[in-house]
Amino acid sequence: MDFATIIEILDSAVRLGTPLLLACLAGLFSERAGIFDIGLEGKMLMAAFFSGAVAAVTGNAWLGLLAGIGGSMSLAMVHGLASITFRGNQLISGVAVNFLASGFTVLIAQSWFQQGGRTPQLSGNGRFEPITLPGAEAVKDVPVIGQIYSNLISGHSILVYVAFAMVPLTWWVLFRTRFGLRLRAVGENPESVDTAGVSVIRLRYTAVAITGALAGLAGTYLATGLAAGFVKEMTAGRGYIALAALIFAKWRPVPALGATMLFGLLEAISNRYPNIDLGVVNLPIQFMQAVPYILTVVILAGFIGKAIPPRAGGQPYVKER
Amino acid sequence: MEKTPKWVDVALIPVLNLLIAFVISGIVVLLIGEDPIKAIKVMVSGALGSPYGWGYTLYYATNFIFTGLAVAVAYHASQFNIGGEGQATLGGLGVALVLLAFPWPHWSIALIAAMIGGALFGAAWAAVPAYLQAKRGSHIVITTIMFNFIGASLLNYMLVNVLRPRGAMDPATARFAKETYLPTFHDLPLIGQFFSKSVPANVSFFIALLACWLVWILIWRTKLGFEIRAFGRSETAARYAGISPVKVIMVAMLISGGLAGLMAINNVMGQGHRLVLNSVEGAGFIGIAVALMGRNHPVGVFLAAILFGFLYQGGGELALETTIPRELITVIQALVILFTGAFDNMLRAPIEHFFVARANAQKEA
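Heads up: the protein sequence lines correspond to chains A and B, in order. Per the UniProt record's numbering, the first sequence starts with residue 1, numbered consecutively. Per the UniProt record's numbering, the second sequence starts with residue 1, numbered consecutively.
Bear in mind the hints are in silico, worked out from the structure with no lab data behind them. Predicted model, so just to flag it, every value in this text is computed and none were measured. The beta-carbon is built from N, C-alpha and C at its ideal position, and this holds for glycine as well. There could be a bad hint or two in this list.
Quick partial rundown of chain B residues pointing at chain A, CB under 10 Å, derived from the structure [claimed, not checked]: (1) A334; (2) L338; (3) N345.
Required output: the full structure, derived from the provided sequences and hints.
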């Protein structure tokens with residue numbers, strides 16, 4: 001395996017890890033505020049459909065992005081209504097959101113485009129095309145550093161750079177702003193936030209809305225960056241892998257980057273090498289696909305460090321009288 | 001504190017929630033330019049209008065009874081088993097291995113062996129998440145989701161690399177021997193004349209009914225069931241009463257996984273006659289809707305399973321006769337889960353308030 005191949009695999013890992021990263025950060029805001037979200041998959045799917053559909057009709061990826069975020073946020077509001085206002089079971093609501101998206105997208109896609117539940121192929125401005133960073137062409141032939149810069153760092157769509165920028169931004173919001181402090185507090189001990197005179201309900205709705213927006217970015221990237229249009233069930237479990245990454249990262253933004261890129265790398269490797277022969281054992285592709293889930297169970301079991309979720313996660317807040 | 005009448009809880013609120021789900025689905029049908037009334041007519045005549053339709057409706061319902069009971073049993077122990085899909089997948093593997101391992105002389109013996117195989121494999125797939133929840137506090141919802149995916153990968157591996165007959169292209173096991181085919185409704189005395197040879201409903205339906213009755217006995221008539229319910233209501237109280245949390249979680253989840261695994265006698269042994277990829281077809285998830293709708297009671301689960309069987313068969317007919325895709329059923333299913341589960345308080349709070357206020361007013365008068 002030469003250096004160029006390694007760069008190629010890493011490049012593919014970045015592209016495959018990006019939707020996971022955005023979805024993982026989406027889940028992070030919600031769960032840090034005490035709202036479990038197993039509906040990331042559905043929100044991504046909804047965003048993938050609406051971005052694909054609107055980009056196909058208007059030929060403008062940016063309008064697609066807006067539509068994608070709108071689709072995802074509408075589901076986020078359903079989840080918020082269920083878990084905050086009606087104090088329902090957040091897990092059940094998440095399951096419902098996933099099914100809603102899975103059925104609704106195909107139903108509307110079929111009615112709008114009659115193409116068997118997909119949207120028309122996107123081209124040109126309908127997609128977020130790769131961006132060549134300044135100087136990437138010039139340093140292409142410089143060994144190692146030039147190759148890394150022009151082939152790995154340069155040449156992604158704008159959403160990939162947005163996703164990476166979201167990591168420090170999320171860290172800063174959560175750990176360096178008053179809003180972030182309150183958000184974390186509402187996930188650990190909502191009574192204290194309420195006592196301080198801050199609205200638990202408003203904070204949680206804000207968190208759920210941010211989750212909707214970020215999951216919208218993730219879904220939009222799937223349909224307009226990674227692929228060229230929406231296909232039925234195109235999220236293919238990525239929302240759950242993002243959830244796994246969130247646990248793996250123990251609900252922290254910087255480790256979330258590591259976890260999602262690791263899972264992206266696993267996918268990139270198994271795409272390129274369906275069977276990995278280690279001499280002693282032969283790792284089949286099915287094993288590689290299951291690795292993120294197995295790792296998450298191991299982490300949850302607490303054998304390698306313990307993953308402790310926010311303390312008030314999953315519990316509806318009832319104001320004391 | 002006055003309580004609302006029981007009929008409000010077990011009948012009125014579920015029916016109202018269901019009604020809302022259907023009304024919204026009707027609006028969705030209108031939005032995509034179809035006629036909801038016509039859609040309902042097609043579904044009813046396709047699923048309930050003929051013995052053929054009933055043969056399919058009851059076949060789907062059999063799957064949903066097993067997975068619905070699985071969710072319900074776990075729920076009584078306050079465990080949300082979202083892993084029915086994976087447990088039923090593994091159950092299919094268990095049933096297939098049992099049926100392929102031995103030349104069974106008669107279907108009845110094969111059925112008993114297959115039930116043991118399916119239930120054991122299903123229970124085994126629930127055992128690890130259950131143990132991790134009981135002993136290490138790992139959230140069972142997340143671990144069972146992860147096990148659904150691991151199960152799908154495992155089945156994929158087994159079918160592609162181990163169980164596929166030599167020379168075959170598609171990832172599936174060999175066909176089971178003819179002797180193991182379960183009698184369908186067509187083969188049964190008395191009712192057989194009404195059903196054609198092609199209906200998939202088979203004797204597993206009666207096993208599912210038996211399972212409903214046994215679950216009722218277990219939950220409401222045994223000491224173990226009492227422990228499960230006590231633990232589900234209040235963990236601290238149960239602990240104080242000397243009930244072991246580890247035991248309750250383990251036992252409830254093993255029974256739950258076993259029930260989900262048992263589903264395979266219907267879809268794999270009774271209908272497919274071989275194990276293919278994705279033979280569960282989402283029945284594990286529908287079990288969640290069925291249990292919610294049925295208020296975790298076997299009678300409710302039975303009725304809700306029939307309802308979803310009707311939706312499944314009717315949805316298939318809808319896709320054939322109109323331009324409405326099958327996915328409408330997924331939307332209805334999502335809305336049922338949403339309104340009977342997550343939005344439950346939306347109707348419950350005002351209705352309970354109304355009945356309590358009325359009871360108080362009557363007392364004063």
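Structure-based check of all given hints:
Here the hint on B/A334 is kept, as its CB sits about 3 Å from the closest CB of chain A, short of 10 Å. Interface restraint check: B/L338 against chain A, minimum CB-CB distance 4 Å, threshold 10 Å, status holds. For B/N345, the suggested interface contact is upheld, since its CB lies about 4 Å from the closest CB of chain A, less than 10 Å.
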